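K.L.:
Following the hints, put chain X in place on chain Y, whose structure we already have.
Read off the chains here:
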Amino acid sequence: MNVTIVDYNSGNISSVINSFQEVAKDKVNIEVTSDLNKIKSSDKVVLPGQGSFKSCVDALKKINGLVDTLNDFAIKNKKPLLGICVGLQMFADIGYEETETKGLGWVSGKVSKIDNLNGKYKLPHIGWNQINIVRDSKIFKDIENNSHMYFVHSYEFHPEDKKVISATTDYSSKIVCSIEKENIFGTQFHPEKSDKAGLKIINNFINL
Amino acid sequence: MLKNRIIPCLDVKNGRVVKGINFVDLQDAGDPVEQAKIYSDGGADEICFLDITASNENRDTIYDVVKKTSKKCFVPLTVGGGVRSVEDINKLLNCGADKVSINTAAVQNPEVVVESSKKFGSQCIVVAIDAKKNSDKWEIFTHGGRNNTGIDAIEFSKKMVDSGAGELLITSMDRDGTQVGYDIDLMSKISSKVNIPVIASGGVGNLDHLVDGIKLGNASAVLAASIFHYGKHSVKEAKEYLDSKGIPVRI
Numbered sequence: 035m036n037v038t039i040v041d042y043n044s045g046n047i048s049s050v051i052n053s054f055q056e057v058a059k060d061k062v063n064i065e066v067t068s069d070l071n072k073i074k075s076s077d078k079v080v081l082p083g084q085g086s087f088k089s090c091v092d093a094l095k096k097i098n099g100l101v102d103t104l105n106d107f108a109i110k111n112k113k114p115l116l117g118i119c120v121g122l123q124m125f126a127d128i129g130y131e132e133t134e135t136k137g138l139g140w141v142s143g144k145v146s147k148i149d150n151l152n153g154k155y156k157l158p159h160i161g162w163n164q165i166n167i168v169r170d171s172k173i174f175k176d177i178e179n180n181s182h183m184y185f186v187h188s189y190e191f192h193p194e195d196k197k198v199i200s201a202t203t204d205y206s207s208k209i210v211c212s213i214e215k216e217n218i219f220g221t222q223f224h225p226e227k228s229d230k231a232g233l234k235i236i237n238n239f240i241n242l
Numbered sequence: 065m066l067k068n069r070i071i072p073c074l075d076v077k078n079g080r081v082v083k084g085i086n087f088v089d090l091q092d093a094g095d096p097v098e099q100a101k102i103y104s105d106g107g108a109d110e111i112c113f114l115d116i117t118a119s120n121e122n123r124d125t126i127y128d129v130v131k132k133t134s135k136k137c138f139v140p141l142t143v144g145g146g147v148r149s150v151e152d153i154n155k156l157l158n159c160g161a162d163k164v165s166i167n168t169a170a171v172q173n174p175e176v177v178v179e180s181s182k183k184f185g186s187q188c189i190v191v192a193i194d195a196k197k198n199s200d201k202w203e204i205f206t207h208g209g210r211n212n213t214g215i216d217a218i219e220f221s222k223k224m225v226d227s228g229a230g231e232l233l234i235t236s237m238d239r240d241g242t243q244v245g246y247d248i249d250l251m252s253k254i255s256s257k258v259n260i261p262v263i264a265s266g267g268v269g270n271l272d273h274l275v276d277g278i279k280l281g282n283a284s285a286v287l288a289a290s291i292f293h294y295g296k297h298s299v300k301e302a303k304e305y306l307d308s309k310g311i312p313v314r315i
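Listed in order, the protein sequences are those of chains Y and X.
If you're matching positions, the first sequence starts at 35 in our numbering and goes up one per residue.
If you're matching positions, the second sequence starts at 65 in our numbering and goes up one per residue.
Calculated directly from the structure, the hints in this document are not laboratory data.
All of these numbers come straight from a predicted model, not from anything done at the bench.
Just so you know, even glycine gets a beta-carbon here, dropped at the ideal spot from N, CA and C.
Please note: incorrect hints may appear among the correct ones.
What the hints assert, rightly or not - Derived contacts from chain X toward chain Y, CB cut-off under 8 angstroms, selection only:
| # | residue |
| --- | --- |
| 1 | Leu66 |
| 2 | Lys67 |
| 3 | Asn158 |
| 4 | Gly160 |
| 5 | Phe184 |
| 6 | Pro261 |
| 7 | Tyr305 |
| 8 | Arg314 |
If we strip away everything but chain X, and leave its shape as in the complex, we get:
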């Protein structure tokens, strides 16, 4: 039986982890490679890096991080943030990323999704959608949540499937950082409308939220950042909890 996945996400800025696990035995708490290794050793089903480097001159730092991580972690590695072109995707894949997530570029230029999925295969193209509720619909935001496009998130999700996306990473802007749980309504609506895996993101504050994301939101995978930071919960604890709630996980 296919298992639901738990994906810890690390924010990386200028090649350093911004918020990370605060374990005492860490040699260098800011080293993304070391943190990713802790997650994969702890049973993470995938690792996600979100590059939030703002300045262009430091953008190359992520390539180095991906290269080093892929030599140490033998679970899938997804990298996103600032991916603009087919060439950016090619570079990340060559460095050892298994999947690349595309956010703003997928909205501004959907051809990037079409072209890259043809060139590299849908299996490595994840479209990341940041959505915010506006009365009875959800609208897509780009540029790290700064720009409202007014585009309907559910319609856009369907379009991305047709364009060749292999997975959708759905982040609720309303919930992100709040720790009150995923926007279940959004996740389940998109999941029921598309026939590719949906990864839920944004708002996890406790382990029950992960359970809800899968059971109620119908997500194939759940992504979380802060609950795994500072040792609040380990990936192993999360998996054992999901297992105790009858959710199939890899243990």
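Here chain Y stands alone, though its shape is the one from the complex:
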């Protein structure tokens, strides 16, 4: 099996690579590439993302044909795809970081700044927070409710259809931190930095 981590210059992805390699060992081949043919032929795709919504969308678009290839992979061919952090946020129709930017439109909704209640809560939301699993998700197999995950973000995803939400986390409000829509998965937290529970989620995705 081939799992491809999309390398589209979205910031630092070495931790994502390390964690997938740790979980995959020799059983699964982990590719790190922006090569369209390799993405097309892979079994699963991971879409990381660091920095702003706009910078990530811009970086995706900069690679000719990448957005179309990802659309074919996730929407047309319905193959498993995992978005992490801004990778998840880009599933939305629109994001408001820096400036209004169109997303991939895979999961209807918008990405806006976390309301920190007039400065009562610090932003970014950095550190370990517990997840409330609100619905079964294949990537949560053997993950206990209230497990700790590592977060670092200032923007949050508001999906239109609440049924896609698989977990939330409590900060200034209930923040959507995991979604599952058919073959599309996303986590706002960083499984690659979330110790054993995070590696378990990666393992679950690889074993889908």
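P.N.:
For chain X alone, coordinates are given in the frame of chain Y:
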């Protein structure tokens, strides 16, 4: 609920740990990778490496250490010490650091903070501030505490937030190495003036100091080095103690 973090810090010189945990079962007490792994297995919320390598020819040793550590530890890794430029930050991130802390360069050339936070995102830019009390204010020292800049630490903290810092690591020069506790006044003043997380550092001698750093200093995270060295306290003990005092921690 967001948890307060405990961050053990390891001083690394020429690729070796200077002061470290002195556990009997350690294969190589000077190996930073092995020590970091012990901390992360013990529940450390983050690992911090401070590179104190003095000579330029050995500066590359830290990259190798970061590379190896990031393949074994799956909690955030912050690396600081001698970070001068956007290129230095890029190299550390590519080696597997999750955050880079910038000290002297942030004072001498704040553009480094502006540029790097734009390029890599604020989430990975930690500005480390070494401050020392001078009558009614705190002044910033650079170059590992050797140079007094006269710059007001609180004003500078606000400036760094505007420049794009994601977190501030505040070390009290008066307390560092004394084991008498954090400079609570300094921590709480800065924490109340900025809206990004503050990491308290400098002076921890016992577990109550960690509690004070969070409860009185309003720090989001507490960094300590020596209490975790030589097995005086484990990270697990520290977390259990904080938990018993009603502080939310990841256990």
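K.L.:
Against the earlier hints, flag every one the structure doesn't satisfy and list their numbers going up.
P.N.:
When the structure is compared with the hints, only number 7 turns out to be violated.
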